[in-house]
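Novice: This is what each chain is made of:
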Amino acid sequence: MSTDITISNVSMFFDTPNGRKDVLDNVSYSVTPGHFVAIVGPSGVGKTTLLRILTGLTQPTGGSVEVRGKAIDGPPDGLAVVLQDYTRSLMPWLTVEKNINLPLRNKKMTKSEVRSRVAESLAEVGLEGTEKSYPWQLSGGMQQRVAIARALATRPDLLIMDEPFASVDAQTRFDLEDLVLKVRKDFGITTLMVTHDIDEAVYLSDEVVVLYGKPAHVREVVTVDIGFPRSQIETRNDPRFAELRTHVYSLVRGLAEPNEAA
Amino acid sequence: MLSNGSRASRVRRLPPAAISVVLALALWQLATSVGPLADLSIPSVVETGQALIAELSSSEFYVRLWETIQMAVVGFVVAMALAIPAGILIGLSRFAWRSTKFTFDFFKVIPPIVIIPIVILVLGPTMQMGIFLVVFTLVFAMAIQTGLGVRDADAVLLETMRCYGLGTWSQIRYARLPSAAPYIAVGVRLSASAALVVAIVAGLIGGAPGLGKTILLAQASGDDPRTFATVFVLGVLGILVSRAVTWLQRRSIFWMPS
Chain A
23 MSTDITISNV
33 SMFFDTPNGR
43 KDVLDNVSYS
53 VTPGHFVAIV
63 GPSGVGKTTL
73 LRILTGLTQP
83 TGGSVEVRGK
93 AIDGPPDGLA
103 VVLQDYTRSL
113 MPWLTVEKNI
123 NLPLRNKKMT
133 KSEVRSRVAE
143 SLAEVGLEGT
153 EKSYPWQLSG
163 GMQQRVAIAR
173 ALATRPDLLI
183 MDEPFASVDA
193 QTRFDLEDLV
203 LKVRKDFGIT
213 TLMVTHDIDE
223 AVYLSDEVVV
233 LYGKPAHVRE
243 VVTVDIGFPR
253 SQIETRNDPR
263 FAELRTHVYS
273 LVRGLAEPNE
283 AA
Chain B
8 MLSNGSRASR
18 VRRLPPAAIS
28 VVLALALWQL
38 ATSVGPLADL
48 SIPSVVETGQ
58 ALIAELSSSE
68 FYVRLWETIQ
78 MAVVGFVVAM
88 ALAIPAGILI
98 GLSRFAWRST
108 KFTFDFFKVI
118 PPIVIIPIVI
128 LVLGPTMQMG
138 IFLVVFTLVF
148 AMAIQTGLGV
158 RDADAVLLET
168 MRCYGLGTWS
178 QIRYARLPSA
188 APYIAVGVRL
198 SASAALVVAI
208 VAGLIGGAPG
218 LGKTILLAQA
228 SGDDPRTFAT
238 VFVLGVLGIL
248 VSRAVTWLQR
258 RSIFWMPS
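Chains A and B supply the protein sequences, listed in that same order.
Quick note: the first sequence, position 121, residue 143 per our numbering, numbers continuous.
Quick note: the second sequence, position 12, residue 19 per our numbering, numbers continuous.
These are calculated hints, taken from the structure and not from any lab test.
It is possible that part of the hints are untrue.
As the list claims (entries may be wrong) - If you want the ones that stay clear, here's a sample from chain B, every Cβ over 12 Å from chain A, calculated:
| hint | residue |
| --- | --- |
| 1 | ILE26 |
| 2 | VAL28 |
| 3 | LEU30 |
| 4 | LEU32 |
| 5 | TRP35 |
| 6 | GLN36 |
| 7 | ILE60 |
| 8 | PHE102 |
| 9 | VAL116 |
| 10 | ARG158 |
| 11 | SER186 |
| 12 | VAL240 |
Claimed, not checked - So the derived list for chain A, only partly shown, Cβ under 8 Å to chain B, looks like this:
| hint | residue |
| --- | --- |
| 13 | THR77 |
| 14 | GLN81 |
| 15 | PRO114 |
| 16 | LEU124 |
Note that CB positions come from ideal geometry on N, CA and C, so glycine has one too.
Starting from the given sequences, assemble the full structure and let the hints guide the process.
Specialist: What follows is the structure, encoded as C-alpha cells:
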C-alpha cells in the first residue's frame, strides 16, 4: 500500500542539565494518503516533539521520516501548519488577506490567481469579506479559521495541526471540528493532528495513534471504523464511538492493554 | 469612531491639566512674593512672564532657539540613521550580537557630560560639538534597543514561516522588522527627548551655541528672570517633541494597543 509519510524507528533524546532525557523510543508509523490521523497520549508524553520532527523543524536523534519516499531534513514541500497559538502564528501587522497570501509568494502565481485563491480559501472557512481586516479585529475562533484558510490556500499535500482548537471555547471548538471534516471532504489532504481531547481525536480521524510511556512508543494504532459523514449529534451518540473513545481513553491513562501488538 | 472617542477623552483630560498648571503658577507666585522663597533671588511668575515676553520679541532669541533645534535634530537624525541599520544587522547575527553587546553597553552608560571636556578639546564650543554629543549619547542605546527588537521576533511565527518554505529574507522583512518596530518606536521617543536635553547641555556646560548658552550667560550675569524664561521655553519645547513622537508612534505601530 502506498504511504504518504513513513516514520521509521524515530527516537529522540534531549541533553539536559540533569542528564539525558529520552522522549521518543523507536516510533514507527505509516500514514495512508488522504487519511486524517490524530496523535494522542498523556500530557508531556512527546506528542509535540513527534510533530516537530514530522514538520522537519527538529531532527530526530535516531531513525528517519520519509515524505512521499524522500527522507526529510527540513520542512518538506507542500507542508501546511495550523498551530494552537493563532495569536503568535498570524502576523498582527498584516491584513487577513496578506497573512494568507504570504506563503504564496514562493509559488508562481499571478496577482489575480492569488486574489481568487485567498477569496476561495476564506469562503471555505466561512470568512468571506474579511480580507481587509486585521487578525486582532477578529474573534479567536475566526483567527484560527484564518490560519486554516492560510493552510488551504497553499493547496498542501500534508497538513499538520498542533492542538489547533485548544485555545477556543467549547462551542467554537465544535464548529471548527466540523469545519475540519468539511475540509477533509473537499480536499482530502493527508492530515496529522496532535490533540489532548480524545473525543475530538475519535470524531475527526481515520486512525488514532496512542503514544505512551517514558520514553514514548506507539502503544496502539486505533482504527476508527465509523463512516463519513460524521455529525456532532449522531456520531457522538453512536455506540461504536463510545466504545472507541473508552478504549483510547484507557490506553492514554495506561488502564488497558493494547488490542494487538502495535 | 475611534478618533471621536480619543478626541472626547482629550477634551476631558484638558481641564485637570489646566487646573494643575494654574495651581502650580499660583503656588510659585505666592512662594516668591509672600514666603518662604520671598527673600531669595528667585523671580516671581510676573517677572518671569515679563522676561519671557522680552525674549519672544527679540530676534536673537529665535537665532538661539534655531541653533538648539538644529543640533538636536541633526544629531538625532544622524544617530538614528547609524543606529537603526546597525542594530538590525547585529540583531540578526548571534555572533555579532554577542560580540558587540558588551562594548555598546559600555559606551551606552557613559553620560555625555563626562566626555564634554574631551570633545571641546577636539571640536571647540561649536555646533559640531553639540551634534557630536547628541549622536554619541543616542547611538549606542538605540542600536542595542533595535537589536533587542529584531531578536524578540516570536519563535512560533518564525517556525510557521519556515514550515511554509519562507526563507531568511522573508522572515526578516515580514517578521523580524515588524517585531522590532515597537522597540524602535520606544527608542525613537526616548532619543528625541534626550537629543533636546543633550543639545541644551552642550550649550550650558560646553558653551556650544543655542539656548543652553543663553541660560549660561543669563546665569552668569545674574539675570534670573531670563534664565527662568528660557527654561520655561525649553520645557514647552520638550512637551511638543514628546507629543509629536507619540503621535507618530501611534500611527505607525497600529497593531499595538497604546
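Novice: Indicate, hint by hint, whether the structure satisfies it.
Specialist: Structure-based check of each hint:
Distance check for ILE26 (chain B) against chain A: the nearest CB is about 37 Å away, which clears 12 Å, and the non-interface claim stands. Every CB of chain A lies more than 12 Å from the CB of VAL28 (chain B), the least distance being 37 Å, so the non-interface label holds. The Cβ of LEU30 (chain B) sits about 41 Å from the closest Cβ of chain A, beyond the 12 Å cut-off, so the non-interface label holds. Even its closest Cβ contact with chain A, about 44 Å, leaves LEU32 (chain B) beyond 12 Å, as expected for a residue assigned away from the interface.
For TRP35 (chain B), the shortest C-beta to C-beta distance to chain A comes to about 46 Å, beyond the 12 Å cut-off, and the non-interface label holds. No beta-carbon of chain A comes within 12 Å of the beta-carbon of GLN36 (chain B); the shortest separation is about 50 Å. Residue placement check: ILE60 (chain B) keeps its beta carbon more than 12 Å from all beta carbons of chain A (closest about 48 Å). The non-interface label for PHE102 (chain B) is consistent with chain A: the shortest C-beta to C-beta separation is roughly 22 Å, beyond 12 Å.
The claim that VAL116 (chain B) lies off the interface holds: its Cβ sits roughly 33 Å from the closest Cβ of chain A, which is beyond the 12 Å cut-off. Its beta-carbon lying about 16 Å from the closest one in chain A, ARG158 (chain B) satisfies the requirement of being farther than 12 Å from that chain. Against the 12 Å criterion, SER186 (chain B) falls within the reach of chain A, whose nearest CB is about 9 Å from its own CB. Under the 12 Å C-beta cut-off, the non-interface status given to VAL240 (chain B) relative to chain A holds; the minimum distance is some 39 Å.
Restraint check, THR77 (chain A) versus chain B: the minimum CB separation of about 5 Å is within 8 Å; hint holds. Because the smallest distance between the Cβ of GLN81 (chain A) and any Cβ of chain B comes to about 13 Å, over 8 Å, the interface hint for this residue is violated. Restraint check, PRO114 (chain A) versus chain B: the minimum CB separation of about 4 Å is within 8 Å; hint holds. The interface hint given for LEU124 (chain A) holds, since its Cβ lies 6 Å from the closest Cβ of chain B, which is under the 8 Å cut-off.
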